[in-house]
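Asks: In case you want the letters, here they are:
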Amino acid sequence: MAQGETNIPTPDDRQVVVCLYCNKPQEVGRKTLSMTCKFCNKSLRLQDIPLKGYEARRSIETLGIVTVEKKGNVVTDKILCGGLVVRGKVKGNVKSRGPVLVGPEAEIKGDVTAPTLAVGAGAILEGNYNIGPETPKPPQGGMKALPP
Amino acid sequence: MADSPNQDFPTILGPDATFKGELTYEKGMRLHGKLEGKVNTPGRLHIAKEAKMQADVDAGAITVEGDVHGNLSAGDRIELKQSARYEGDLRSSRLVVDEGAILVGHVTVGPDAVKGARTPQQQQAGGKPAALPGPQPQNQPNK
Numbered sequence: 000m001a002q003g004e005t006n007i008p009t010p011d012d013r014q015v016v017v018c019l020y021c022n023k024p025q026e027v028g029r030k031t032l033s034m035t036c037k038f039c040n041k042s043l044r045l046q047d048i049p050l051k052g053y054e055a056r057r058s059i060e061t062l063g064i065v066t067v068e069k070k071g072n073v074v075t076d077k078i079l080c081g082g083l084v085v086r087g088k089v090k091g092n093v094k095s096r097g098p099v100l101v102g103p104e105a106e107i108k109g110d111v112t113a114p115t116l117a118v119g120a121g122a123i124l125e126g127n128y129n130i131g132p133e134t135p136k137p138p139q140g141g142m143k144a145l146p147p
Numbered sequence: 000m001a002d003s004p005n006q007d008f009p010t011i012l013g014p015d016a017t018f019k020g021e022l023t024y025e026k027g028m029r030l031h032g033k034l035e036g037k038v039n040t041p042g043r044l045h046i047a048k049e050a051k052m053q054a055d056v057d058a059g060a061i062t063v064e065g066d067v068h069g070n071l072s073a074g075d076r077i078e079l080k081q082s083a084r085y086e087g088d089l090r091s092s093r094l095v096v097d098e099g100a101i102l103v104g105h106v107t108v109g110p111d112a113v114k115g116a117r118t119p120q121q122q123q124a125g126g127k128p129a130a131l132p133g134p135q136p137q138n139q140p141n142k
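Going down the list, the protein sequences come from chains G and F. The first sequence begins at 0 in numbering that gives the first Met the number 0 and counts up one residue at a time. The second sequence begins at 0 in numbering that gives the first Met the number 0 and counts up one residue at a time.
With the rest of the complex left out, here is chain G (with noise of 0.2 Å):
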């Protein structure tokens, strides 16, 4: 018999999450605020980062949502998140695992790649967009395909 995936379901106080870095899931109780990946050994945090005031930051990382609120203001190189809600300003690469919610009259500046994106009226974008499913991208420099 073929030893494929169990159907079984994790348990209520559990959650499966896939690692930023090496997009590997694991479970992990859904209390935890922050973990450690046990593939890559990357530093994982798991809370949700609410921005109220100007930022500046080298990178924002989270498989949480990172809201910028009304009176945010973000400068950061990259935020990766589980989502993001943008009611403010962000300048700055974003790459979201979860949907990207750009309010009305919020800012975004910098590249974009997010499965899904929900613009509001008066809202500025400006920037590479990425929108929709991830699609693996085949592989560069590896072994040639030999001939038929």
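Please keep in mind that the hints were generated in silico from the structure rather than gathered at the bench. Just to be clear, a hint being listed does not mean it is correct.
Stated by the list, open to error - Each pair of labels, with its calculated beta carbon distance range:
1. F:18 to G:29: 33 to 43 Å
2. G:54 to F:70: 14 to 24 Å
3. F:98 to G:103: 16 to 26 Å
4. G:74 to F:16: 41 to 51 Å
5. F:13 to G:103: 36 to 46 Å
6. G:30 to F:13: 55 to 65 Å
Said to hold, decoys possible - Calculated lysine-lysine pairs in the BS3-like style (CA-CA distance at most 27 Å, straight line):
7. G:23 to G:37
8. G:94 to G:70
9. G:88 to F:114
10. G:94 to F:80
11. F:80 to G:108
12. G:108 to F:114
13. F:114 to G:90
14. F:80 to F:48
15. G:88 to F:80
Only a predicted model underlies this, so the values are computations on that prediction, with no experimental measurement involved. Ideal Cβ positions, reconstructed from N, Cα and C, are used throughout, including at glycine.
Model the placement of chain F on the given structure of chain G, informed by the hints.
Replies: For chain F alone, coordinates are given in the frame of chain G:
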């Protein structure tokens, strides 16, 4: 019926039609077939689910349900519906992206993104853009 020509979309390019070249119209068009080239209109463009377009578009409002490659510019709004697959540079005052839509390219959205562009409302008022350089008409007293 959606397919019959109506007031908003008097022009329809049917599913068995292919158009290559530059297309200009006034009110609105529904695209069900294939279009390649350029589209210039102060009105609306609706790209249906089964349509395929490879064109640079300058329009008042654009709705995408099908497959589009090229640069889109709209004075009013661009809507990407659930089935939309769009690749290119996008410039518009407003953007609506439904869940499931695919968008790859450079996006410029905001009130100042498209300067001097024509919206469907302006087209009804005479087809002139709102912000034209030069002297403004002085014949209305400001009281």
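Asks: It remains to establish, for every hint, whether it holds in the given structure.
Replies: Now for the hints, and whether the structure bears them out:
Taken as a hint, the range 33 to 43 Å is violated for the pair residue 18 of chain F and residue 29 of chain G, whose Cβ atoms sit roughly 56 Å apart. Separated by about 34 Å at the C-beta atoms, residue 54 of chain G and residue 70 of chain F break the suggested range of 14 to 24 Å. Between residue 98 of chain F and residue 103 of chain G the beta carbon distance is about 19 Å. The supplied range of 16 to 26 Å therefore holds. Restraint check, residue 74 of chain G to residue 16 of chain F: a C-beta distance of roughly 50 Å satisfies the suggested window 41 to 51 Å.
Between residue 13 of chain F and residue 103 of chain G the Cβ separation comes to about 38 Å, which falls inside the hinted range of 36 to 46 Å. Under the hint 55 to 65 Å, the C-beta atoms of residue 30 of chain G and residue 13 of chain F, about 58 Å apart, fit the expected range. With a CA separation close to 9 Å, the supplied pair residue 23 of chain G and residue 37 of chain G stays within the 27 Å bound. Pair hint residue 94 of chain G plus residue 70 of chain G holds up; C-alpha atoms about 22 Å apart against a cutoff of 27 Å.
Simply put, residue 88 of chain G and residue 114 of chain F have alpha-carbon atoms about 22 Å apart, close enough for the 27 Å limit, and the pair holds. Our distance criterion of 27 Å between C-alpha atoms is met by residue 94 of chain G and residue 80 of chain F, whose separation comes to about 22 Å. About 23 Å separates the Cα atoms of residue 80 of chain F and residue 108 of chain G, which keeps this hinted pair within 27 Å; it holds. Restraint check: the Cα-Cα separation between residue 108 of chain G and residue 114 of chain F comes to about 19 Å, which is no more than 27 Å; the hinted pair holds.
A distance of roughly 23 Å separates the Cα atoms of residue 114 of chain F and residue 90 of chain G; the hinted pair therefore holds under the 27 Å criterion. Between the alpha carbons of residue 80 of chain F and residue 48 of chain F the distance comes to roughly 9 Å, so the proposed pair stays at or under 27 Å and holds. For a cut-off of 27 Å, the pair hint linking residue 88 of chain G to residue 80 of chain F stands: about 26 Å separates their Cα positions.
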